[in-house]
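Protein sequences, first through last, are from chains X and R. The first sequence begins at 1145 in the working numbering and counts up by one. The second sequence begins at 331 in the working numbering and counts up by one.
It is worth saying that the hints were derived from the structure and are not from the lab. There could be a bad hint or two in this list.
Stated by the list, open to error - Which residues of chain X face chain R? A partial, calculated answer using Cβ under 8 Å:
id, residue
1, I1157
2, L1158
3, A1162
4, S1164
5, I1170
6, L1290
7, A1291
8, F1295
9, L1296
10, F1306
11, S1409
12, I1413
13, L1431
14, G1440
15, G1447
Predicted model only: the values in this text are computed from it and were never measured. Note that CB positions come from ideal geometry on N, CA and C, so glycine has one too.
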Amino acid sequence: MLTYIGRRLIYGILTLWAVSIVSFIIIQLPPGDYVTAYIAQLSMQGSSLGMAEADNLRVYYGLDRPIYHQYYLWLQRIIQGDLGFSFEHQKPVTDVIGERLFLTILLAFVSVLFTWSLAIPIGIFSAMRQYSLWDYVFTLIGFIGLAVPNFLLALILMWIGFSVFGFSVGGLFSSEYISAQWSLARVWDLIKHLWLPVIILGTAGTAQIMRITRANVLDELRKPYVVTARAKGLSGWRMVLKYPVRIALNPVISMTAYVWPFLVSGSIIVSVVLSLPTVGPILLRSLLAQDMFLAGSIIMLIGLLTVIGTFLSDLLLIWADPRIRLEG
Amino acid sequence: MAVHELGLPGVGGAIAEDRISVASQRQLIWWRFRKHRLAIISAGIILMFYMAALAAGFLATNDPQYSDAHFNLMPPQAIKFMDNGQWFPHVCAMSGQRDPLTFNKVYVQDCNTKIPVEFFTEGYSYKFLGLFNTNRHLIGVGEGYRAENTLFLLGTDVQGRDLWSRLVLGTQISLTIGLVSVAFSLILGIILGGISGYYGGWIDTAIQRVIEIVRAVPTIPLWMGLAAALPREWSVLQVYFAITLIISLFAWTDLARVVRGRFLAMREEDFVTAAKLSGARPRRIIFSHMLPSFYSHIIAAVTLAIPAMIVSETSLSFLGLGLRPPAISWGTLLQAAQNVQSVANTPWLLLPAVPMIVAILAFNFLGDGLRDAADPYSN
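Given the sequences, and given the hints that come with them, work out the whole structure.
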């Protein structure tokens, strides 16, 4: 078990390393270094930066050093939690995205819960009643859920919400709670807004996990031990839930490790469409403004989030699957 | 395998057995595939999409880049084929007026003025199949762009450009970008998956770890970052290929896994061992012995990968980070419907979503059918 955890941990770190390199490449890609870009941005706003200050900044970011040293400095600052300064908000990036990061995690996490609590029962049900009307209905919904991309689903639901129900969806808080302190009322307000993005985000994953659960349970149901159990007089649902389902769920749990990056990714686009206060819109705005330093840091943070989530779902698999737990 | 499974037309028992035993693999695959109704229909739909993309200029009714503020955000005009029981295809004239209170533009339909719709009529000039210039179009209203003479089948966008014509032209980019990205991914997938599956051992382990890492990476933020870093002055074609490369950079892993799985399964087969013992070199074994026996699986995997690529391009362009104007794709068209106001007031701007969903579903069904047919010996 320890070997397994250790191996997963190493993969996580390697993934982070890969993401950090791509993020750093993204920071480096635009022509000129980011101090030049910063100066250009300042002069657009009507202020300027002295030569000495610019040189200081260049030394601070290690721009006078070779590229690998710049990478090292950048990584070191990120590890220390220093993400730089946001031009747009005039405060440290950490302050800007602090709560947004939390809401991003919350959104993705609730979506995982939603996906599971819907997909697994439906998958089992479809397998038990294979080729029934409901099986076909769920299969159809599943296919559509897979085919409609997140952002499109958001747009369509937005249109339906507006034209049929006459309310505009968007945001995670009502206007009076946007910048309020955390309180029970604010949490309740959040819950009232959260369900729509959760449905939008969770649909594709639900469709996928539903199909996998159904296929796995069907495979298990055909095995001799199930026939034996039935022959010995164990009754329908109880027997199914106790034996075949337990085995069939393992691949589903390990799927979570793959669904998680997908959800975090998807939440970016959905957040932009529904203007949710997550890191998504900030990332997009910084990219469109070519503020690559901020964008690179956000991408790195999203990578970290993904890796942690994946690692946690690996731990979940250990808990669920004794074969992994008892091995080595 | 049961005979009826193959769906042979009107044969039973011994004759069918005979036909199966002498049928080539290609025939078996075709018989299996034919049974999958949905896949056949989907193949037809996809074929129609690509034909529409080829003949986009012919199907378009107006110059897709021509903008006129007089016609901005005009709702769709429906063609009526009959007039008082007579065959007379026409559309009703539209006229734009300012609402005296809100100053918003309101279009009023005037069905007393009927604009005749003609077939194979002349319109704006374009290059047919990129070969020769012509100005023939499937339908049109003769003299376009006069206040009383408009034909906007799906309405217009904020700059007064014809959405139908833009949609047809956007199909070209959206449908080919999927193919090109899949081609790039396939190259990466076959090389890495092939090496991994053929050699096995530590090389396999290493490549599998790389695949696992790439799969754990959150793709959309990285795509966004890389796409945003593309130089602004690049031409449409350069951006197009850069985007396909960026997409396939993180999308090759599924194809690599399919290829590797097939190679691993194939490695133990007798005919591969025989080829090895006869002294064939790896290159020959891979390309003339192994690949032909599972290219059908690869085709199926590729078909299933295309819709994901289309979605990726559309999402990037939708965010304003993918293709940029004047390039037209489904994503750039949907960008116009990005916020609640436009969705609520001008819902026809959401229409490009329809062909997109249809195409994605069709590719998925076709891929499913191909995957089932790829292995005609299984049940």
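For each hint, the structure was consulted:
no.: 1; hint: I1157; result: 10 Å, violated
no.: 2; hint: L1158; result: 5 Å, holds
no.: 3; hint: A1162; result: 6 Å, holds
no.: 4; hint: S1164; result: 11 Å, violated
no.: 5; hint: I1170; result: 4 Å, holds
no.: 6; hint: L1290; result: 7 Å, holds
no.: 7; hint: A1291; result: 4 Å, holds
no.: 8; hint: F1295; result: 6 Å, holds
no.: 9; hint: L1296; result: 5 Å, holds
no.: 10; hint: F1306; result: 4 Å, holds
no.: 11; hint: S1409; result: 4 Å, holds
no.: 12; hint: I1413; result: 6 Å, holds
no.: 13; hint: L1431; result: 4 Å, holds
no.: 14; hint: G1440; result: 7 Å, holds
no.: 15; hint: G1447; result: 6 Å, holds
Against the hints set out earlier in the document, violations occur for numbers 1 and 4.
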